[in-house]
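K.L.:
In case you want the letters, here they are:
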Amino acid sequence: MKSKIERPFTAASFQAYLNENKLMGSHCPHCQAHFLPPRAICPHCYGDQLAWVEFSGQGKLAAFTTIYIAPSAMIAAGYGRDNPYLAGVVELEEGVKISGQILGADAAIGVPLTATFVERGEGEAKRRYLAFQIA
Amino acid sequence: MSKKLGRGVALVGAGMSKFGAFPDKSGRDLFVEAFQDMRQSVDKGFDPADIETIYIGNFSSDLFEGQSHTAPIMADVVGLTPRPATRIEDACASGGAALRQGILAIASGLYDIALVGGVEKMTNLPTAEVTDTLAAAADILYEIPAGFTFPGFYAAIASAYMHKYGLKPEQLMNVAIKNHENGALNPNAQFGVTIPAWMEGRKVAAQKKGRPVPTWQNEMEFLHDDSANPMIAWPLRLFDCSPITDGATAVLLVAEEIAPRFTDHPLHIIGSGQASDVALHDRDDLTSLSAARRAAQEAYAMAGVTAEDIRLAEVHDCFTIAEIIATEDLGFFAPGDGFKAAEDRVTARDGAKPVNTSGGLKSKGHPVGASGVAQAVEIFKQMRGEAGERQVARDLPLGLTHNLGGTGGTCVVHIFERRA
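Going line by line, the protein sequences match chains A and B.
Here the first sequence is numbered in our numbering, starting from 1 and rising by one per residue.
Here the second sequence is numbered in our numbering, starting from 136 and rising by one per residue.
Since the hints were derived computationally from the structure, they do not count as laboratory data.
Since the model is a prediction, treat every value here as computed from it, not as a measurement.
Quick reminder that beta carbons are idealized off the backbone N, C-alpha and C, glycines included.
Please note that a few of the clues may not be correct.
[Claimed, not checked] Covered stretches of chain A (chain B as the covering partner; in silico rule of three or more C-beta atoms under 8 angstroms from a C-beta of chain B): (1) 21–29; (2) 54–68; (3) 99–106.
[What the hints assert, rightly or not] List time: in silico BS3-like cross-link candidates among lysine-lysine, alpha-carbon distance up to 27 angstroms: (4) B:K299 to B:K179; (5) A:K126 to A:K97; (6) B:K303 to A:K60; (7) A:K97 to A:K60; (8) B:K303 to B:K488; (9) B:K303 to B:K153; (10) B:K179 to B:K153; (11) B:K299 to A:K97; (12) A:K22 to A:K126; (13) B:K488 to A:K60; (14) A:K97 to B:K303; (15) A:K97 to A:K22.
Chain A extracted, bound-state conformation (with noise of 0.2 angstroms):
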């Protein structure tokens, strides 16, 4: 069965599902697992008949840091020294981990997190992003 919007498992699908406030990764209907990002070939069966899912975005902090020493991306985002910011790796209610900003005070291990979506960058350069808002 094919799924209904019939987008390849890629970057440029998972990022145009963001840009629709969606967080959306694959799931092998085989083995029952999810997979964020998005996996075109399942790493446990090796089959190819995956469909898209949508995660609900709810889940809890795993691993975090406060960064100070910015990537050029970050800086010209604002962020730096003076305005440091949280990455974070969060595990979703699925299951599954993925990487985010985290947005919001008091961040500690197990706080629970929403997902929720950024936008960084002027012009062309403007995108949206994956993050999480410690509830």
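With the hints as your guide, set chain B onto chain A.
P.N.:
Frame of chain A; chain B shown alone:
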């Protein structure tokens, strides 16, 4: 059944350039220095024309120097064209992976004599661009958009480790203090100075400039001071991070049966393991690197030795937390005990399990693609009793190197044995 090499391979020469920031030297200049140092180290001498193949570990001469296709240039500057010259890139494990390719080339029977080098010229770029270049060793589609930097990844690993095992950030500093103690005795180290000496240097500099002289009473006070040791990515501060470095390394590998032509004291490479892994966020356990565990298991099985047998190790301390986790992944200490071992000085030069006697990446410097080969240089010197002031004062029949790429997307482990 454990995997075996097709035939024995021996390390018979090892050299390095000085590590540091050298505005007037290109990567190839540094490689020439490393090659000359390696030639000096071969006890019975050899004719460079006998070298049959060349592997060069290099992460990103493309972005650091605007130079791709690096291996033939390195072959050329030491007069070795038209021999095959291949660049190996596995991020910070490029050197270790190049070493492994040299070993496999000889073990295959195709070549008897291989030159393995490593080179990285990093200081041409401003820090932000170096940070961006290093970030390319992670997943640029799904990890970097989160805002992660390399210190950031290892800081996140540290946060998970702290949560699981009760590590406190100041306990990480034991690794930096130890590695600077060792590096202070390594004339090739970039920051070859102890942290207390560094602290006193800062006081003297302040006095000379007529500024208020800091009142740090000891190294821990110094390391807790935000102005002396600023936060890079919580919980990691400046002194938790390896530096940006220019440097090169070179080693000579030969088929075991011809080793006596070069030296009476070769190191036999009895174990070699390498593994890969998924992005950090895809891992079940964020406090251990499974590629390191797997590479170590493969190397131990090939060598027929256990973690307990290893007397000396150079491990990939790109960040303090990385050394702690490395000593656990290699089986030296149980999970969660690595930071206690560092605190108890078990891994100090005079401890039961000396780790990073060279000063490690932390103090010696971390020219990315050269670091994996530099580990073998230190093992060569220590196991042959040639490490000078930092020589471990015990017999060292078995040594190990552990070289990580990225956040553990690659790990390469080698085990060396001295029989004479």
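K.L.:
So, against the hints stated earlier in the document, which numbers end up violated here?
P.N.:
1, 4, 9 and 13
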